[in-house]
Amino acid sequence: MGYQIAEENVFSSGHSACPGCSEALAIRFILNTLGPDTIAVVPPSCIAIISGPQPLSSMRIPVYQTTLEASAASAAGIKRALVSKGNDHTTVVAIAGDGGTYDIGFQALSSAAERQEDIIYICLDNEGYMNTGSQKSSATPSMAYTTSTPAGKLTPKKNIAEIMAAHNIPYMATATTGYPDDLARKVAKAKSIRGGVRFIVVLAPCLDGWGIPDKFGPRTSRLAVESGVFPLYEVENGDTYTLNYGPKGVPVAEYTSIQKRYRHLTPANVTCLQEEVDRNWGRLQAKCFGGRGK
Amino acid sequence: MLLNGNHAVSYAVKLARPNVIPVYPITPQTPILERITEFQADGEMHAEIMTMESEHSAMAAAITASLTGVRVFTATASQGLLLMHEMLHYAAGARAPIVMFNVNRTLGSPWGFWPDQTDSLAQRDTGWIQYYCENGQESHDTTLQAFRVAEQVMLPVMVMHEAFYVSHSLEAIDIATQEQVDRYLPPFDPPHRLDPEIGESWGNTVSQVMFNNHRHDMDDAMNRTVAIARQADRELKELVGRGYGVIEQYRCEDARFLIATMGSMAGTARDAVDELRSEGLPVGLLKVKLFRPFPLDDVREAVTGIPKIMVLDRNFAPGTGGFLFQELKSALYGMESAPEIHGYLAGVGGTNISPADIKKMVTCAMAEKPSANSVWKG
Numbered sequence: 001m002g003y004q005i006a007e008e009n010v011f012s013s014g015h016s017a018c019p020g021c022s023e024a025l026a027i028r029f030i031l032n033t034l035g036p037d038t039i040a041v042v043p044p045s046c047i048a049i050i051s052g053p054q055p056l057s058s059m060r061i062p063v064y065q066t067t068l069e070a071s072a073a074s075a076a077g078i079k080r081a082l083v084s085k086g087n088d089h090t091t092v093v094a095i096a097g098d099g100g101t102y103d104i105g106f107q108a109l110s111s112a113a114e115r116q117e118d119i120i121y122i123c124l125d126n127e128g129y130m131n132t133g134s135q136k137s138s139a140t141p142s143m144a145y146t147t148s149t150p151a152g153k154l155t156p157k158k159n160i161a162e163i164m165a166a167h168n169i170p171y172m173a174t175a176t177t178g179y180p181d182d183l184a185r186k187v188a189k190a191k192s193i194r195g196g197v198r199f200i201v202v203l204a205p206c207l208d209g210w211g212i213p214d215k216f217g218p219r220t221s222r223l224a225v226e227s228g229v230f231p232l233y234e235v236e237n238g239d240t241y242t243l244n245y246g247p248k249g250v251p252v253a254e255y256t257s258i259q260k261r262y263r264h265l266t267p268a269n270v271t272c273l274q275e276e277v278d279r280n281w282g283r284l285q286a287k288c289f290g291g292r293g294k
Numbered sequence: 295m296l297l298n299g300n301h302a303v304s305y306a307v308k309l310a311r312p313n314v315i316p317v318y319p320i321t322p323q324t325p326i327l328e329r330i331t332e333f334q335a336d337g338e339m340h341a342e343i344m345t346m347e348s349e350h351s352a353m354a355a356a357i358t359a360s361l362t363g364v365r366v367f368t369a370t371a372s373q374g375l376l377l378m379h380e381m382l383h384y385a386a387g388a389r390a391p392i393v394m395f396n397v398n399r400t401l402g403s404p405w406g407f408w409p410d411q412t413d414s415l416a417q418r419d420t421g422w423i424q425y426y427c428e429n430g431q432e433s434h435d436t437t438l439q440a441f442r443v444a445e446q447v448m449l450p451v452m453v454m455h456e457a458f459y460v461s462h463s464l465e466a467i468d469i470a471t472q473e474q475v476d477r478y479l480p481p482f483d484p485p486h487r488l489d490p491e492i493g494e495s496w497g498n499t500v501s502q503v504m505f506n507n508h509r510h511d512m513d514d515a516m517n518r519t520v521a522i523a524r525q526a527d528r529e530l531k532e533l534v535g536r537g538y539g540v541i542e543q544y545r546c547e548d549a550r551f552l553i554a555t556m557g558s559m560a561g562t563a564r565d566a567v568d569e570l571r572s573e574g575l576p577v578g579l580l581k582v583k584l585f586r587p588f589p590l591d592d593v594r595e596a597v598t599g600i601p602k603i604m605v606l607d608r609n610f611a612p613g614t615g616g617f618l619f620q621e622l623k624s625a626l627y628g629m630e631s632a633p634e635i636h637g638y639l640a641g642v643g644g645t646n647i648s649p650a651d652i653k654k655m656v657t658c659a660m661a662e663k664p665s666a667n668s669v670w671k672g
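First to last, the sequence lines map onto chains A and B.
Counting from 1, position 111 in the first sequence corresponds to residue 111 in my numbering; the numbering is continuous, with no gaps.
Counting from 1, position 72 in the second sequence corresponds to residue 366 in my numbering; the numbering is continuous, with no gaps.
Honestly, the hints are just simulated from the structure, not real lab data.
Nothing here was measured: the structure is a model prediction, and the numbers come from that model.
Ideal Cβ positions, reconstructed from N, Cα and C, are used throughout, including at glycine.
Among these hints, one or two may not hold up.
[Stated by the list, open to error] What follows is a list of derived Cβ distance ranges for each label pair:
1) 419(B) - 166(A): 54 to 64 Å
2) 19(A) - 503(B): 56 to 66 Å
3) 629(B) - 18(A): 16 to 26 Å
[To be verified] Sample of chain B residues facing chain A (criterion: CB under 8 Å; computed from the structure):
4) 357
5) 363
6) 384
7) 446
8) 448
9) 486
10) 496
11) 502
12) 503
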């Protein structure tokens, strides 16, 4: 994708993420792109584990740990206080998991978007409550095993990207750790836009929760994109769509077959999943057509 | 100026010059926020006003704004306060000196809009300092005191008055001047704050020992608060001529019987005391204004030598009864020749209690031995 990553040394090694963790990789490109003039808000999640514990910190910036449902409101409170003191330069970013974004934190996020709060909100999406031992969230995809859906989830994943784009926020993007240059470019773009919530959902495969080997994080991430399960795209101001990768060329089976959370699938199940992905891909194509899509 | 109790609070907030005000509407608090947003629209205030989608988010934003090092105000009532419950603990733990006004209103279910202090009394263990006010003037002055006390002890403060009886009743209010308030409340500029130039963080996981030490520090701050609240009251009185104390003793000279209560009930009890005194009965009023921390020494001194106390609670905890009754029993435990205490549930749910009703209760309490439990009186 050709973007030259420019990293500042904000995220340190020696943190407490699992070896091979996708979230740690995501945090590196997020924080090192945002730079030291940043304040982060983190709810309970693996992100909080990676950032702490007190008095240690893996992040060379102020980090405020809030409650699970309050990330967007907490970030907005910091930004407004900075503005009231005449500080117009510090970036405020909330980095939350999918449970803290799609589920319990959604009300606060939606309202922050409506109020056009000047914050960046990044969701590290590993498709479930992985920190508490892999329970289902509304980001968990169809048929995936979690400890609260042991027979597989019966309903599809919530489409947070479209929901946030429908708030007509200045910038919505999807990204994933298998494409770090694309992720870093999108974070830099979010930082460059002033005013309004800039939202990025980052697919971050969870090694333990998804049942993949330590070295398979980036590979799984790339297969999610190549199969069309997780399309990479951007939406500006709610209506200008840009597809960053396509057309999809890999069957969904290649993506599901390397993950233990899908090992109970029958061939008929896989066909159903393929049909769901094809349907979603078609919808996205329709939105990108006539925009600046490619 | 002729103002209702809520607008008296709004004027105090304007004078205190808060930087950030996250709010969410709820009856009967809403006039506080409406007047504030009118001040802002008229150019008389220059705050960042955040119109949140819930009280939970309002308190979440209040905490981080406060931790970023600015003065913060919010207001709520009833269900809204309960929705904040998680964040009330969080605010106190973060040592965020937020000032919040809560208009006491019944809790569902069933629905009601009536004066009842159970909403805030049920938050007594959240680490917030709590004041209960009798009228709009006291609410105006106490809101100013609250900023002063909060920023000195680094704990959040909630100030209460009751729904409609105080919130919507018009009274002649003396508004402090901007010059007086600017002298009373210096700019808030805390050394510890969320600031990339400082690099301090807050909230992440701590060890058991760190947690233990942190709660011990909060206790120390609470223990300093009564003296600081007394001083804040005294110093405001020097500026504006009005003071209340952390408790008030009304006509307690040579009293043999005290009526103890909080909030608007104190006004009614005052009239009852006047009538009883004119009938020759040695009855006085003990008004508890500062409820958290509980002003133990002041209360013990006030009841020394008094044979009998009658507590009037316009609040109710099923299973234990009136909150002030419980607090007083606890405060007087082990005191040499402690008074007998009658606990009466009076006005729960906003039922009207007249001076004549209180006089009847006094007669009853004088004649009877007290029950260990709260007794329903209407």
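For each hint, the structure was consulted:
A hinted range of 54 to 64 Å for the beta carbons of residue 419(B) and residue 166(A) is inconsistent with their spacing of about 42 Å. A beta carbon spacing of about 30 Å between residue 19(A) and residue 503(B) contradicts the range 56 to 66 Å that was offered as a hint. Taken as a hint, the range 16 to 26 Å is violated for the pair residue 629(B) and residue 18(A), whose Cβ atoms sit roughly 59 Å apart. Hint status for residue 357(B) relative to chain A: holds, with the closest Cβ pair at about 7 Å, below 8 Å.
Contact between residue 363(B) and chain A, as hinted, is supported at the beta carbon level, the nearest pair being about 7 Å apart and thus within 8 Å. This hint holds: residue 384(B) has a C-beta 6 Å from the nearest C-beta of chain A, less than the 8 Å allowed. Annotation: interface hint on residue 446(B) violated; nearest CB of chain A at approximately 20 Å, more than 8 Å. Hint status for residue 448(B) relative to chain A: violated, with the closest Cβ pair at about 16 Å, above 8 Å.
Proximity of residue 486(B) to chain A is violated relative to the hint, the smallest CB-CB distance being about 11 Å (cut-off 8 Å). Satisfaction of the interface hint for residue 496(B) is found here, the shortest Cβ-Cβ separation to chain A being roughly 5 Å, below the 8 Å cut-off. Given hint, residue 502(B) at the interface with chain A, is violated; its Cβ is 12 Å from that chain's nearest Cβ, farther than 8 Å. Contact between residue 503(B) and chain A, as hinted, is not supported at the beta carbon level, the nearest pair being about 12 Å apart and thus beyond 8 Å.
Going down the numbered hints, you'll see the structure goes against 1, 2, 3, 7, 8, 9, 11 and 12, while the others check out.
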